[in-house]
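J.: Required output: the full structure, derived from the provided sequences and hints.
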Amino acid sequence: MTTLSAARYGTTRRTVTVRVNGRDVTRAVSTRITLADFLRDELDLVSVHLGCEHGECGCCTVLFDGHSVRSCLMLAVQADGHAVETVESLSVDPAKLHPIQECFAEEQGLQCGFCTPAMLLRTKEIIETGRELTDAEVRHEISGILCRCTGYQNIVNAVQSAGARLRGRAAGGRDP
Amino acid sequence: MTYTYIGKDRRRVEDPRLLVGRGGYIADLGVPGMLHAAILRSPLPHAWIRSIDATEALRLPGVVAVLTGEDCKARMNPCMSFGPATITQYPLAVDKVRYVGEAVAAVVAESRYLAEDGVDLLKADYEELPPVTDPMAAMEPGSALLHEEHGSNIGYERTFEFGDVTAAFAGADLIVEDTLRWGRSAGMPLETTGAVAQPGFNGVLEIYCNSLNFSYFVFLIAATLRIPSNKLTLRPVPAGGSFGSKLAAHKVPTLAGFLALQTGRPVSYVEDRIDHLENSDHHGCDRIYEARMGFRADGTIVGLDIDVVDDYGAYMQFGVGHHGNAFSQVVGPYRFRDVRYRLRAVVTDKCQQGAYRGFGSEVHNWVLERLVDEGAARLGLAPEEIRRRNFIQPDQFPYKIPGGNLYDSGDYPAVLDKALSMIDLDRWRAEQRRLREEEGRHIGIGLATTQERSVFSATEFWFLLEKPTFPLTSSPESATVTIDPTGQFQLLLHCQSMWGNSPETVGATLLAEEFGIPPESVNVRYADSAHALPGTGPGGSRYTAMVAGAIRGASRKLRQKLVHIAAHTLEVAPEDLELVDARVQVRAAPETGLTIAELAATAYFFALGLPEGMTSGLEESFTYDHPYTTLPAPDGSDLGVFYPIMGHACHIAVLEVDPDTGMVSFLDYVAVHDAGTIVNPKSLGGHVTGGATQGIGTTLYEELAYDADGRFRSSTFRDYLIPTAVEAPAFRIGHVQTPSPFTEYGIKGGGEGGRMVAPAAVSAALDDALREYGMRVRQLPVKPWEIVATVQAGRTAQGWV
Amino acid sequence: MKPPPFTYCDPESVDEAVGLKSEYGIDSLVLAGGQSLLPLLNMRLVRPEALIDINRIGDLQKIEPRSDMLEVGAGVRQYELENHPQVGRLIPLLPEATGCIGHLETRHRGTVGGSLAHADSAAELPCTAVTLDATVVARGPSGTRTIEAQDFFRGWTTTALEPEEVLVAVRYPVPPQAAGHGFVEVARRVGDLALAGAAAVVNLDEDGRFTSVSVGVLGISDTPVRAWAVESALIGEASTAENIARAAEEIVPSVTSGDDLHATRAYRRHLARLVVRRAITAAVARAHERSDGT
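Protein chains in written order, with the UniProt record's numbering: chain A, 1 to 176; chain B, 1 to 801; chain C, 1 to 294.
In short, the hints are calculated from the structure, not lab data.
Check each hint, because a few of them may be wrong.
[To be verified] Only part of the chain C face toward chain B is listed, based on derived beta-carbon distances under 10 Å:
(1) 192
(2) 263
(3) 264
(4) 268
[What the hints assert, rightly or not] Straight line, CA to CA, 35 Å or less: simulated DSBU-like cross-link-like pairs of lysine-lysine:
(5) A:96 x B:682
(6) A:96 x B:8
(7) B:73 x B:96
[What the hints assert, rightly or not] Listed next, the stretches of chain A that the computed footprint assigns to chain B, with coverage defined by at least 3 CB atoms under 8 Å from CB atoms of chain B:
(8) 55 to 61
(9) 77 to 89
(10) 94 to 100
We put the beta carbon where it would ideally sit given N, CA and C, even for glycine.
T.: See the structure below:
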């Protein structure tokens with residue numbers, strides 16, 4: 001490997017078009033920017049939280065083409081032509097929460113809120129499989145996202161309650 | 001006492017914004033023209049800094065400045081500290097580095113990416129010194145010194161004795177003795193500590209930070225930065241978790257402030273995860289105990305003798321406050337009267353200790369409960385039975401313990417009984433036997449209790465010192481309640497208190513109770529330090545009880561004003577009126593009355609309609625001082641009352657150990673807590689499960705490990721193992737409510753108890769699961785290979801292998 | 001914790017990727033799923049001159065099941081391998097082992113080729129490749145070559161790939177239908193890299209004697225280990241618990257990993273025996289199930 005030298009600094013940029021929360025956005029981005037930083041810094045989607053930046057805590061989880069991924073472990077350029085969903089896709093209105101958000105509020109499946117957007121998106125993905133899960137299975141399914149506040153019990157309750165509420169219905173829809 | 005809102009499982013008012021991803025965390029904050037800082041961390045545990053060459057870094061386009069310890073030494077004072085004056089610290093290492101990861105230089109650049117590019121280009125030259133890592137060896141003469149000026153690696157040494165332990169042990173039938181080690185873990189919130197500092201108007205420096213308690217210590221940071229305290233404003237930013245790790249976290253805001261002052265630009269410094277793991281303000285306790293406990297044959301505890309060496313790491317910012325804290329509940333829930341406590345605090349080449357949920361009391365409780373369990377085993381008593389025989393009884397409160405602290409109230413047998421009935425102990429013990437006999441499985445049942453001291457008084461930070469430099473006694477909390485002209489409520493809190501707890505829910509619930517308004521209608525804000533009334537912030541499970549006192553005080557004044565306006569308007573005597581459901585009405589004729597909105601309009605707009613001498617507006621503030629604290633005796637024979645609001649808990653863990661792998665999984669877990677009057681049971685339950693899971697982490701998974709050479713082994717989340725949802729048990733929570741006679745509403749603190757008891761319960765369960773092999777947990781975290789080795793040794797001894 | 005600067009290249013064909021590798025050589029790294037590489041980049045533990053992103057190369061993303069061989073493109077995501085119905089039918093060991101990799105969020109992105117090329121000795125896919133006698137397909141400037149998995153893993157995160165080569169696929173021979181498989185890991189937390197683990201594929205004769213045994217072990221050395229001594233101790237022997245336990249002892253000399261934060265060497269030796277025994281035991285149970293037609 002060559003060592004980085006000041007003289008060599010110069011980041012290439014690339015124009016990307018990403019479908020973010022259902023809308024195409026086009027930006028010129030540095031090719032070394034992570035997807036997480038792109039969402040946060042370029043698009044102000046600050047719900048994407050950086051807890052470790054090495055893929056262990058899961059707080060930066062987003063849905064990439066419908067699948068949960070760690071956005072700190074992707075480059076923004078890799079999202080060109082793909083779809084990304086953040087928690088803003090559920091609801092951005094604190095007064096009109098998505099049913100999953102409602103269930104987390106009701107069960108107090110959060111305390112500081114730092115892992116919460118990731119947990120909500122993962123919950124949506126879990127529910128969309130259509131499978132009914134035991135509590136132990138829910139624990140396994142959310143084990144890729146750390147929560148330091150709750151001890152998980154209230155999160156498990158919230159996931160189960162959201163599943164019961166949305167089962168038979170796509171998790172993407174708003175409550176009528 | 002029956003309440004409308006208090007004690008109900010209501011939704012938290014903090015949650016809607018968090019659920020839409022707008023928590024307002026420090027990293028979300030952008031300020032125009034803001035620069036970003038990254039730090040160069042020391043690769044060495046102990047070394048003189050010979051030079052730092054920033055030439056290449058400064059040539060990199062986008063890099064604005066490079067600051068080092070030399071700049072700190074020249075232009076700032078040492079960081080705030082309650083420790084020995086000869087142990088000084090700066091946010092960037094001055095002259096020498098004292099642990100791997102210590103910040104050596106900061107690069108300020110147009111982006112974090114560029115700042116890290118700049119860090120890569122720094123060339124630091126060190127002269128290595130022998131690493132000091134073993135606290136026992138560090139105390140020996142001839143050990144390399146961390147702080148030459150201090151002259152020794154012993155930061156503090158003293159023996160306290162309350163009662164007469166020698167005499168008590170002389171009358172004992174059994175003395176159990178053990179060497180117990182508590183490993184280093186930390187609060188490790190998922191959001192790190194961060195600050196954004198910007199030069200403001202009139203030479204004021206504004207620092208946004210997620211550090212808690214700032215209205216308490218702002219003047220200390222100003223002194224470090226060499227600016228007048230009225231020229232420093234700390235602005236509160238909600239924290240994404242703390243658990244102690246953001247309690248008065250000063251290095252980050254101090255560094256950000258220094259960088260902003262030096263560059264004249266707004267600067268953001270947010271720790272990355274490696275910074276936080278290696279260089280945070282707050283690693284947790286790291287102790288070695290030689291501990292003895294005496295018993296009579298009937299299980300009565302007669303005394304406790306402790307010799308503890310505490311490995312503080314490189315600096316001692318809180319002095320030995322962690323041990324002052326342990327003195328608040330030094331006898332646990334038990335009646336014995338004789339205690340000896342020898343403390344040696346040692347500095348080593350490790351990151352400094354700070355606060356972690358329990359602040360030292362959790363370690364003491366683990367030691368206490370380990371000894372009680374050993375006594376029970378040796379005396380043939382069940383763990384619940386030996387505890388029951390030693391409990392302070394409900395009719396003994398208020399109860400003064402050896403050392404001087406006072407327990408306000410409690411019903412320990414009721415908590416134990418509830419836990420036992422919830423777990424159905426007889427059924428589990430039968431199941432344990434059946435699974436062992438029929439399926440060869442190893443199930444363990446562990447029971448432990450804890451006192452949960454809450455609402456600290458500041459005396460604990462200095463009363464262990466021979467000559468305290470700053471014997472403060474105040475730790476107040478304030479609240480301002482405003483009813484606006486339309487009758488809507490604003491609550492202003494005077495500290496940064498949101499880290500995942502529920503200060504806004506608590507405040508809104510109490511205001512709803514006081515005024516009969518919907519809790520969700522209250523708007524809660526936080527004052528910056530330029531506007532803040534005295535406030536100490538969360539810590540030591542004090543905030544709910546303290547802010548309740550402040551809110552009730554402000555509410556009383558405001559209620560009185562409303563009643564007097566109504567009395568004047570309705571032309572009735574104030575004593576004939578009552579405030580019900582946001583309306584002041586005549587007791588005898590409730591149909592006659594005025595709503596708060598009507599009264600507010602009068603208060604703001606119709607001064608001529610107000611009683612004589614009353615001024616316009618509806619805003620009242622109240623500063624609530626500690627409800628019950630006394631000064632320590634000058635000779636140290638009595639430490640005074642300093643932590644009297646005393647909760648209690650009992651946890652029972654049922655787990656299974658795979659004896660071949662040493663891995664542990666939970667089958668059941670019951671936690672019963674008594675935190676006095678509960679404002680919101682579900683919220684309190686969440687703190688119990690969260691705290692207990694952290695306690696399980698400390699017991700089985702988490703370790704901030706240094707090897708003998710001082711290298712740090714836990715620099716990433718691949719190595720620092722926070723429990724996931726799979727490792728955490730399915731919890732069942734029970735509450736007992738014994739109100740405090742000293743606080744408003746009878747509230748006690750409940751934020752730390754989960755972590756204070758879980759290590760003892762899980763340790764006991766491990767012993768129980770592998771009792772046939774002689775398992776005895778003596779060191780945390782328990783490593784799977786230690787379990788396997790115990791099983792193998794036990795099987796060999798039994799002739800199995 | 002941000003990536004250092006690099007030249008980003010995202011070729012659309014394997015040839016183009018090979019051209020870039022030829023150009024940059026050891027100063028370049030291939031970015032596949034990125035689940036191991038991005039942490040290294042973010043922590044600046046690697047500083048490539050060029051990053052060659054192969055995610056746009058459609059040719060690398062195919063799973064081709066044949067009767068005697070399964071070919072999996074290097075760019076196939078781990079969760080696709082895990083959930084592919086034909087993979088599960090032909091080589092059930094693969095989805096079982098793949099499901100143990102990290103967490104779902106990392107398997108959504110992580111690739112088969114990326115895991116093999118990263119060559120972490122505690123990883124699941126290198127271990128199964130060794131167990132199944134897989135062949136790694138590499139393309140370089142002078143064409144395509146195949147490398148036996150046994151020869152592919154050379155040392156700690158080191159492979160037989162030349163600097164100008166790109167890993168394009170892995171070929172797994174399909175075991176006989178009657179084969180039984182087992183996969184066992186021991187990790188401190190769910191999703192952690194295992195302290196030790198073992199994969200086993202066995203075939204039994206009508207008397208329950210081993211006609212073939214293949215065992216790979218992860219986490220105990222610089223590379224995934226093929227447990228030859230264990231296998232030869234079992235061939236022709238009855239598939240009894242005693243025989244399996246005795247044979248499992250043979251793995252112990254292969255444990256070369258020293259003490260680390262999460263395991264001591266002695267513990268790893270113990271675990272190695274244990275996972276080998278458990279994996280073979282599970283494989284035998286499955287082989288019995290299959291021969292019983294259940």
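J.: None of the hints should be skipped; say for each whether it holds.
T.: Each hint, compared with the structure:
A hinted interface residue such as residue 192 of chain C counts as satisfied when its beta carbon comes closer than 10 Å to some beta carbon of chain B; here the least separation is about 7 Å, so the hint holds. This hint holds: residue 263 of chain C has a C-beta 6 Å from the nearest C-beta of chain B, less than the 10 Å allowed. A cut of 10 Å between beta carbons decides the hint on residue 264 of chain C: the least distance to chain B is about 5 Å, and the hint holds. Hint on residue 268 of chain C holds. Least Cβ distance to chain B is approximately 9 Å, under the 10 Å limit.
Our distance criterion of 35 Å between C-alpha atoms is met by residue 96 of chain A and residue 682 of chain B, whose separation comes to about 23 Å. The hinted pair formed by residue 96 of chain A and residue 8 of chain B meets the criterion: a straight-line CA distance of about 23 Å does not exceed 35 Å. Distance hint between residue 73 of chain B and residue 96 of chain B is fulfilled; the C-alpha atoms sit about 12 Å from each other, no more than 35 Å. Check result for the segment 55 to 61 of chain A against chain B: holds, 3 residues qualifying (beta carbon to beta carbon below 8 Å, three or more required).
Coverage of the segment 77 to 89 of chain A by chain B holds in this model, with 3 residues showing a Cβ closer than 8 Å to a Cβ of that chain against a need of three. Residues of the segment 94 to 100 of chain A lying with their CB closer than 8 Å to a CB of chain B number 3, which satisfies the three-residue condition for coverage.
In summary, this structure violates none of the numbered hints.
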